[in-house]
Amino acid sequence: MSIMSNHLTTVFLFIFLSPPLSLFSQQETNITPFDQELKNKSAKFNNEANFRKSRTFFFERNWDSTLVYSMKQLNDSENNTELIDYCHFLRGLSFQHKKLFKEAEKELSTVSSVFEFYPHTYMILGVIALEQRRFQKAIDYFKKTEAYTSEQLSGIKKSNIDHNLGVCYLHLEQYDQAETYLLESETLYEEQKDTLALIRAYGNIANLYYNQYKDDQAIPYFTKAYELSKKTDKPGLKVNTALNMAVVEENRKNFPLALTYRKEYEKWNDSLNDQNKVWEVAQIEKEFAVKEKQKEVHLANTEKKIKETQRNGLFYSAIVLLLLLGTTIYFYREKVKTNKIIVAQKENLDELNATKNKLFSIVSHDLRSSVQALKRSNKTLSENLEAKNLETLDTLLHTNSSIVNGAYNLLDNLLNWALLQTEQSYFEVTSLPLFLTVEHVAHNYKTLLLEKNIHFENTLSKSDKAYGDQESIKIVLRNLIDNAIKFGKTDGFIKVYIENTQDTYCNLIIEDNGIGMSESTRQNLLKKEIITVEKENKDIIGSGLGWQLCKSMIEKNNGKFSIESELGKGTKMIISLPKTI
Amino acid sequence: MDNVHVLVIEDNVAESDVLIQTLKKHNYTIAGTAANFKDALTLFYSAKKIDVIIIDIFLNGVPDGISFAETINTVPNASKPFVFLTSSTDRDIFERAKLTQPFSYLMKPFNELELLYAIELAVEKFYEQNDVFSNEEEDTVISSEYLFIKKGKSLKKVLITDIIYIEVEEKYCNIITEKEKFVILISLTKILKLLDSNTFCRTHRNYIANVQKIEEIVPADNLILLTGDHRVTLSETYKDIIKRARTLR
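First to last, the protein sequences are chains A and B.
Just so it is clear: in the first sequence, position 216 is 216 by my numbering, and no numbers are missing.
Just so it is clear: in the second sequence, position 202 is 783 by my numbering, and no numbers are missing.
Hints are computed from structural coordinates only; laboratory data are not their basis.
A couple of the hints might just be wrong.
[To be verified] Cut-off 27 Å, straight-line C-alpha distance, at most; resulting in silico cross-link-like pairs (BS3-like, lysine-lysine):
id : chain 1 : residue 1 : chain 2 : residue 2
1  : A       : Lys356    : A       : Lys486
2  : B       : Lys752    : A       : Lys462
3  : A       : Lys551    : B       : Lys689
4  : A       : Lys462    : B       : Lys734
5  : B       : Lys771    : A       : Lys462
6  : B       : Lys689    : A       : Lys556
7  : B       : Lys732    : A       : Lys474
8  : A       : Lys495    : B       : Lys734
9  : B       : Lys731    : A       : Lys474
10 : B       : Lys824    : B       : Lys774
11 : B       : Lys731    : A       : Lys446
12 : B       : Lys679    : A       : Lys579
13 : B       : Lys606    : B       : Lys689
14 : B       : Lys661    : B       : Lys737
15 : B       : Lys606    : A       : Lys474
16 : B       : Lys731    : A       : Lys462
17 : A       : Lys253    : A       : Lys214
18 : B       : Lys679    : B       : Lys689
19 : B       : Lys689    : A       : Lys462
20 : A       : Lys462    : B       : Lys774
21 : B       : Lys732    : A       : Lys462
22 : B       : Lys732    : A       : Lys446
23 : B       : Lys689    : A       : Lys446
24 : B       : Lys706    : A       : Lys474
25 : B       : Lys606    : A       : Lys462
26 : A       : Lys462    : B       : Lys706
27 : B       : Lys706    : A       : Lys579
28 : A       : Lys486    : B       : Lys689
29 : A       : Lys446    : B       : Lys606
30 : A       : Lys474    : B       : Lys734
31 : B       : Lys679    : A       : Lys556
32 : A       : Lys462    : B       : Lys737
33 : B       : Lys689    : A       : Lys474
34 : A       : Lys446    : B       : Lys605
35 : B       : Lys734    : A       : Lys446
36 : B       : Lys679    : A       : Lys474
Note that the structure is predicted; figures quoted are calculated from it, not measured.
Next comes chain B alone, as it looks inside the complex:
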């Protein structure tokens, strides 16, 4: 599991210090800090591993924060979840900020709970999977690249291509990567829908395997051997996978 990388855009050093401190305390990694519109854009396009952006609306007295959000929104698929930081609920500013969908904001002064909640909300809204983290039934948002998992008060992420297979157990899912093994809360139907069906294949009522990680298929024993000596059962219902595996090779 990796830390979520946060880009902080804030012109007030005292405030950005508090922000960074709080984020670090909850195991977020700071991808960078920018104090103006230009630096922010440079950072955004150079740093590769940004997951979430926290943007102060007013940079040096002008609402450049909104301009930044508008700019990154113009390039399709390049945008990231972002949270607006503001100290006033001025209507005009809010109406403008609202146009940069999806819109989530954080009111100053804020406490750590509000900050963490705002980040979670931004991720949910951005990947269009609302009410995941505030819900007791689920704790994972799936993007095309990562699983964002709520661990305690903060968020963690797992690279999807690292997953070898997923074992479903009632409403839990065991995620097995090369390095670790952990449990997430998500329904089977949802995970099947959100994962790329070219990469992930159901092999059994309880198993979803990463096709890329298949080493060998043993139809006689109803077994699939995966990287790292992992093995999953292959049931009759899902034997079609053999054909797919062949075509892949």
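Bound conformation, chain A alone:
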């Protein structure tokens, strides 16, 4: 009996909307007559994009997408009632296929009574009730459907309704009713030559009789179903019919035959299982392959990522290294440069220091001898004072004063030298009145000139002018005149005059007819280095500092300095200063 009921439920599933595979296997197309009807009638809403999509998905049996797009269409506010009905209808069908019966009932109940497929809703509701095994309710729905004409039930076959009703009554064990309806559907199926439906119908009729223990009536139907199923290629049907035959023969105690049927059943069942298994294995293999592929892809991705990271890391570290290298080289070169400068500066400083030391020693030596001479002279002076030797006193005083003068000049030069080196001194180039400047300087040497009886001549005119700083030019003139007197002959002359031979410079010349100097001394005097002068006259005080001072001062005044001299004949000191415009 358990086999029976199982068998029955299976049959119900195929009745109305079951996949076309079972009901319409002869037709290659997936479109059922009902679908065709639905398609034609709803075509007028094709301009509604969401509905169109929803409908297309419905025909493709894609229930989820149908639900999504129909909902979208419903959310669109400007729908007319018919469109809304279509949407609910499609949703109801979709829910039914997804076995969400409550949702399906809800959707279908909202469909208005004027809707074209309104009768169909009863049919579908009936099927749902049948699925839920609420047979009485199902009968109510199917009865309502029966009331409509076949025109109104376009796409639904009368045979199906009858068959469903028959099944319901069968389950309710109202065998009379069931018999009527099932036989009716059988006749209709035979007319339609719907083999598959016919097999089910035979099966159900056989069950009907068998349950009433009318074996004689039942067995021919079982045999019919079995024979018919042999002609089909549906293993499911074959299994069912074979099993039914086996059970029937068993109950008739005809065991050999039952065994044959049972074997046949086993065979078909195996083939069905095999088919399922093969399909399952294929499915699993496919899944496995997909998984493997997925894994490979994932691995490849990971590898790629790792490679990328490695490459980036290498790239960045290379850049950092390069930068480091660049910086190091830069700093190294800077350091080398600085070192070079420092070395050069050091050499320069050493040289200057040596010069300074030399200067110190010479100056202090000169000063010491001056002061020494003064000391000695003072001693003699006091001795003579005691002896009241007045005539000697006068000469001694003169000597003293000349010694002091020499020392003073030396100190003055030293001071000016220091000031020049440190650039602390005020220096302003102006247009200098040369005549007066020479006069002013020469005024200090009047006594000296008289003593040596040297004739001093300043032949400049008051209008002679040149650019220079007054104080520094005075220092130069003082030194040059002092020298001219020092190295001049008694009864000689000193001439100061101007030679205007150049365009930009005027030459101020101080000429004497003194002892002069050798060419080498002249060259030495004009050299850059300080105090290289070997004194030709040891008894005349002088350090050479005066010379250097003159050269530096004239240079600072943008002038030039030169000497013309001949040993024993005299010297010409030439100062070239920028002319005034």
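With chain A held as given, fit chain B onto it using these hints.
Relative to the frame of chain A, chain B by itself:
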């Protein structure tokens, strides 16, 4: 001709003695000696007849000399020509001293020529008539009050209001005052420009007369009689002076 009056500001007695001796030797009159900033200011404002000031920059170790010059420079028209005395050419000090325009200085140690030259230079610069005394063409600087005339190595001054008339002779000018008569070297155009045109009027191509000294104008004889029996010619070109004389009376 009067001596030029010199105010000496010097804190070292030995040095101021030498300075005064030299100045006196060249006929300068010492208007006073000050050894510090305060005394110097008092002397400057009390003694009326100061013509030139010699200022030692360092008074008792601080550069008060410059402060003094800055102080007297702040009162317009009260300042006098001055010379800075200094023993160092220290740049900072010089830069500051230079701001007290006009700036002339004298470096210690100096000889008399340098001293006299410095004074002359200060006067020239102060009255903005440069290169007068060092020039052979001219020997007189004219201020609003005095003529400063170089006589030999030194300077003399003549009060302008003492001048009765000036007779121009080539590039010389004969200056006739009540007491004396002397010749200065100056061009006619320059003297006309520098003298106050309200006081001095040209009467002839060769004469400039002090209007204040006119006693009588005799247009018939083309003569102007001046104080002290001096007379100058009045030429046709300059007869406008008659109108001016009348309005003056």
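Outcome of the hint check:
1. Lys356(A) - Lys486(A): Between Lys356(A) and Lys486(A) the Cα gap is close to 26 Å, so the pair holds against 27 Å.
2. Lys752(B) - Lys462(A): Within the cut-off at roughly 18 Å; holds.
3. Lys551(A) - Lys689(B): Distance of about 23 Å is within 27 Å: holds.
4. Lys462(A) - Lys734(B): Holds, because 15 Å separates the two Cα atoms, which is no more than 27 Å.
5. Lys771(B) - Lys462(A): holds, 21 Å
6. Lys689(B) - Lys556(A): holds, 22 Å
7. Lys732(B) - Lys474(A): Distance of about 26 Å is within 27 Å: holds.
8. Lys495(A) - Lys734(B): holds, 23 Å
9. Lys731(B) - Lys474(A): Given that 27 Å is the threshold and the Cα spacing comes to 24 Å, the pair holds.
10. Lys824(B) - Lys774(B): holds, 22 Å
11. Lys731(B) - Lys446(A): Judged against 27 Å, a Cα distance of about 24 Å means the pair holds.
12. Lys679(B) - Lys579(A): The hint holds at about 25 Å.
13. Lys606(B) - Lys689(B): holds, 19 Å
14. Lys661(B) - Lys737(B): holds, 16 Å
15. Lys606(B) - Lys474(A): holds, 25 Å
16. Lys731(B) - Lys462(A): holds, 15 Å
17. Lys253(A) - Lys214(A): holds, 16 Å
18. Lys679(B) - Lys689(B): With Cα atoms ~17 Å apart, Lys679(B) and Lys689(B) stay inside 27 Å; holds.
19. Lys689(B) - Lys462(A): The given pair, whose Cα atoms are some 24 Å apart, holds under the 27 Å limit.
20. Lys462(A) - Lys774(B): OK: Lys462(A) and Lys774(B) at ~25 Å, within 27 Å.
21. Lys732(B) - Lys462(A): holds, 17 Å
22. Lys732(B) - Lys446(A): holds, 23 Å
23. Lys689(B) - Lys446(A): At roughly 18 Å apart (the allowed maximum being 27 Å), Lys446(A) and Lys689(B) satisfy the hint.
24. Lys706(B) - Lys474(A): Between Lys706(B) and Lys474(A) the Cα gap is close to 21 Å, so the pair holds against 27 Å.
25. Lys606(B) - Lys462(A): holds, 25 Å
26. Lys462(A) - Lys706(B): holds, 18 Å
27. Lys706(B) - Lys579(A): Within the cut-off at roughly 23 Å; holds.
28. Lys486(A) - Lys689(B): Distance ~24 Å between Lys486(A) and Lys689(B) Cα, so the pair holds.
29. Lys446(A) - Lys606(B): The hint holds at about 18 Å.
30. Lys474(A) - Lys734(B): This hinted pair holds, its Cα atoms lying about 21 Å apart.
31. Lys679(B) - Lys556(A): holds, 21 Å
32. Lys462(A) - Lys737(B): holds, 21 Å
33. Lys689(B) - Lys474(A): With a Cα-Cα distance of about 13 Å, the restraint between Lys689(B) and Lys474(A) holds, given a limit of 27 Å.
34. Lys446(A) - Lys605(B): Holds, because 21 Å separates the two Cα atoms, which is no more than 27 Å.
35. Lys734(B) - Lys446(A): Within the cut-off at roughly 17 Å; holds.
36. Lys679(B) - Lys474(A): holds, 20 Å
Hint check: no violations occur; every hint is consistent with the structure.
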